[in-house]
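There are 2 protein chains.
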Amino acid sequence: MLALARRLLHARSYAHSAPYPRPSHHCGALDARHDGARVVLAGWLLPHRKVSKALSFFPLRDSHGTTQLVVQLGADVDPKAAHELAALFDVPVESTVLVEGEVRLRPQNQRRPGPAGDIEVQLKSFTLLNPADRNLPFLPSDTQNTANEDLRTQYRYLDLRRSQLSANLRKRSKVAHIVRGVLNEHDFLEVETPILLKSTPEGAREFLVPTRTSASASARLASDHDKPGPLFYALPQSPQQPKQLLMCSGGVDRYYQLARCFRDEDGRKDRQPEFTQIDLEMAFVSWGGAVDGEDPWRIGGHEVRDVVEVLIRRVWSAVENVALPDRFRVMTYNEAMRRFGSDKPDTRFALEIVDLGSVLPPYELTALRNSGETIECLAVRRSQDPEFVDAALACPTESDAERIEITSSNASSWLLNSHLLRALRPEDGSDRGASAVDLLSLQPGDIVWVAKRRDPPQGGSTALGRQRLRLADLAESRGMSREIPTSDPHFLWVTEFPLFTHADHDKDFLAKGRWSSSHHPFTAPAWQDIEALYAGRFSEVRGQHYDLVLNGMEIGGGSVRVHDAAMQDFIFSQVLQLNDREKSSFNHLLHALKCGAPPHGGIALGFDRLMSILCKTTSIRDVIAFPKTSAGTDSLFKSPSPVDAGVLEQYGIQAK
Amino acid sequence: MLALARRLLHARSYAHSAPYPRPSHHCGALDARHDGARVVLAGWLLPHRKVSKALSFFPLRDSHGTTQLVVQLGADVDPKAAHELAALFDVPVESTVLVEGEVRLRPQNQRRPGPAGDIEVQLKSFTLLNPADRNLPFLPSDTQNTANEDLRTQYRYLDLRRSQLSANLRKRSKVAHIVRGVLNEHDFLEVETPILLKSTPEGAREFLVPTRTSASASARLASDHDKPGPLFYALPQSPQQPKQLLMCSGGVDRYYQLARCFRDEDGRKDRQPEFTQIDLEMAFVSWGGAVDGEDPWRIGGHEVRDVVEVLIRRVWSAVENVALPDRFRVMTYNEAMRRFGSDKPDTRFALEIVDLGSVLPPYELTALRNSGETIECLAVRRSQDPEFVDAALACPTESDAERIEITSSNASSWLLNSHLLRALRPEDGSDRGASAVDLLSLQPGDIVWVAKRRDPPQGGSTALGRQRLRLADLAESRGMSREIPTSDPHFLWVTEFPLFTHADHDKDFLAKGRWSSSHHPFTAPAWQDIEALYAGRFSEVRGQHYDLVLNGMEIGGGSVRVHDAAMQDFIFSQVLQLNDREKSSFNHLLHALKCGAPPHGGIALGFDRLMSILCKTTSIRDVIAFPKTSAGTDSLFKSPSPVDAGVLEQYGIQAK
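Respectively, the protein sequence lines represent chains Z and R. The opening position of the first sequence corresponds to residue 1 in UniProt numbering, with each subsequent residue numbered one higher. The opening position of the second sequence corresponds to residue 1 in UniProt numbering, with each subsequent residue numbered one higher.
Keep in mind the hints are simulated off the structure, nothing from the lab. Please note that a few of the clues may not be correct.
No distinction is drawn between identical chains; accordingly, a pair holds when it is met within one copy or between any pair of copies.
Under the rule of at most 25 angstroms between Cα atoms (straight-line distance), these lysine to any residue pairs were calculated in the SDA-like manner [to be verified]:
#1 K171 x A604
#2 K80 x V389
#3 K583 x D133
#4 K174 x S481
Here chain Z stands alone, though its shape is the one from the complex (with noise of 0.2 angstroms):
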């Protein structure tokens, strides 16, 4: 064997290829119970490497952790046995070598925590089972040096020799696990949907898949298209339509899929062109009303919302060891907007928004109600954390926001002579003192930020709800654990978003000054909302939404779906106005809820943003094997790339 690997360090030859022993253990599974086991071990070799003339050390990865080779050379060591082992130091780093030694426990001071920590192995021979270049692009075991992301994506497979990222992947494939343990416990069946689907009429967001000329022609055949040229199928956003139409069926009654989803959209930080989703759908769900009285959740989806609990539940216990409540907090959307403006608050820390509306003067008030907001403040006090009020007086505020500084000159009335208020008033508006000090009991040293926001709340976040982030982010980066806690996870679903928006800009390019669907079309109104509904209301029409909303991330998204035919068509006709091309392309939908569709309803949890938390990275592509740039591209595989006309043309389709 060991001639063998001499003759390849100097020669690289095929010979490699023959039959070697198989390992008998991963590096990272020895401990002091193997002390004295002969071993065979695979793996590659690490750079630190401790060289000297009697007593030299390797250490070897494997994808379970690092054992320390120990190679003894010194004048009790058979000379021939030496020198063949002496070949181990010409071997470059991150090779594979296959090694036979003998485990030896560590000297007590020399243990060192974590796997094979205790032991090391005394090396008997090795094989060279192939020699990797001399010039590598970078040493992925050079953990002072991370090399700069570009190259690392490069040469991803180097990159994936990092302990941290093979770490992650370890993690993701056991959560994956796991999440599929409590599904199927719960009767849900797993079920693949089509990824080649149906272009819709805008494309909005969607990736096209040509199809080639022969396939066209017999697709042409069998749909009686009457327009010439080449066909497409579209990769979908979501499983969405294919769930609902098998609930539709009833032959699948819990559906879930952990579903690869496509959105062509470039420039959003940490987007991945494809990414992943845990998908479930489940029929006969509840409407709403019939549990408990005192239950804040009182949309329907109970079903959908016990069983993501006890999914959630789990993994944290088996990932974290963290033990979650037994039923997760229930804000309505109303609420986390005037307490904390956003729909998806952080509520690992209090700072809360305070309503002035009610110690605002006669006046000023009905000017703000008369064109449809209210007024707000955001309180930090001189008693807080002094390096927390200092935070606060360093960070930039908002531009919808103005700073106040409290001293006792301006104590009873800051909030008259604000800008905002006095912008309310005629030029020639005296002064009628408020309150708004009494209600804040505020003092000479405290910061205060005041703005105004629609009422009732629209869209996704308010001046005040981005102030508080940016100060809770700012005293975060500045380690005040005690006012801005991070360490506990917080789970938080946000419910009743209202159905309709005009709010949502993402949408408006193809709503153009329509009603759009907070989320889509196919999310049930509250049925307490179903008159004002049909009565044309629809600003005050509440979804069967839910969103599962962690540490102030969306971690999730779902609802009760419309099961009644005739309100999805009076939804797509008279509240989002499709046209008749538009609303085509729901037939079959349509269709399927006349055939006896059972009410129904789901959720789809972003698994990668998932995964990015428990492995506490920033960013998702830290938890995907081969991940792609935020513009798209991967740099791996060269994709995109360009394709020949000659090929093109098989899909009746040339560059423009």
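Model the placement of chain R on the given structure of chain Z, informed by the hints.
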């Protein structure tokens, strides 16, 4: 609740969206133990009603089975309650209803086998959750007159109500769960690989995915493409390269995934443009030889074989209640071709092919050898089942074979007088006598097919192999289970395929007369044949490839891969003669091999085919929730479909 239901029958209304009690049981989950229990069930009303004055029966179906509802309207029932229950008679079939009632044990003689067959539910009240149209395209419960496949495909959500289809989806989910469980036990990590991958230079059978111009612009910027124009991803035909790169990384040493794969080829029966494979790969697999001299598995990859056998045994035990043998049979490609005329032989029945080389006269033998051929025969004996002999007589003969009926006059001369042998002789060749009859002991009334084949064998089947299957199919269709037993699953590994081929017509349009890989270019040669490889004797090189065959169907294939960059480069350049552009698409893989890639190997099992076998259906469409036609069209979602020029423009493409 009832008043509401009746209102709904007359005026479709939104009010049925109000809260309703949760179902307490599944229809199919009730049995004798529930006798006397009050239950709430939700399900679909079936048409098989028995209505009479006093006692009516309504079957109610959900995804778990069917329960018989009993409605009592006789004189001893409260008239008001009876009136309300009678409204159920007007509810359209396939409507979704919620019922409350009392479980009652059926009289002994009325019990049916199967779920809920022992009981019935005495109806107390019902709520119409969602009425179905009275004019459904077809009734899924009508198993006597199944609608035609086009109609069922278009309304797949109705077809999935057929208990056969929903049982298939349930079984598929169960098998997926078992597979994941086994692989998880064996330390495999589930890793997701990209679906948006790189197009290959040839673009054969790929689906392309154009990207929007903004993404293209930044991609071009990042990768210095010299060519202007649109950029494309491609959908993977398998995750072969990503999984090999994972192994090269060493960060994951055992990978698996139930991977979606894509192939743009139409016209093949029972192929789907997207399909699922159980895909796995292992680092440090053996390279053969060292395990057990008696083992017919002489190539490497024992570790893959071991885990697949465990996995298949577990599935067959759980789903079929069949204990498969501890080890599956192993046969070399040469033996399979020689004895069964197929590289995926159906070994459930004997009917073996006999080589006639040893009984040929020297002249003919030499002529055959010189042309690289041999001659062989397949015999059916008069002593076999007379119906089988009839089938043999009725069976059409393959075009390359000759059928000879043995009579008393040709019993000693049939071979020499066969057209095949005559064609080998010069015009004046004399009959020198041959001993074929001695070898086969043929009797008058026996039937023999005789044919030539390449020696050593090439390709996937021989004329006699096809003849053998043709005869078996005919015999099976005539119910001859003694000669052609089909009940037991016969698993078989086929190994030692030739590594390179000239005989694959599918590949020839790429190979253009060059050698092509029998499987893929990453398959390792048998280590015993490495010298032949480098010496240029490519036809002699066996690959470390293994196919898993079940009852004559290939259900999976895999190999030990090349891990030596120099060997891989030699195969690309010297054997396959790829040009620089073709080779450049493998640059990242070649470089990854140079970074100390471990020996590795894996397999992919066709999950759809496996499930169709387990579900005892001939079409994989029956085990896919939303399948496409063999032409790749989807009549439910109406895809593929045309796309507006304006939308295409965003991708920088247009119709040609």
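Evaluation of the provided hints:
1. In this homomeric assembly, K171 and A604 come within 25 angstroms of each other (Cα to Cα) both inside a single copy, at 20 angstroms, and across copies, at 24 angstroms.
2. Taking identical chains as interchangeable, the C-alpha atoms of K80 and V389 are never at most 25 angstroms apart, the minima being 72 angstroms within one chain and 73 angstroms between chains.
3. Taking the shortest Cα distances, K583 and D133 sit within 25 angstroms of each other only across copies (20 angstroms), while inside one copy they are farther apart (59 angstroms).
4. For the identical chains of this complex, K174 and S481 are neighbours neither inside a copy (30 angstroms) nor across copies (47 angstroms), given an alpha-carbon limit of 25 angstroms.
The structure fails to meet hints 2, 4 from the earlier list, while all remaining hints are met.
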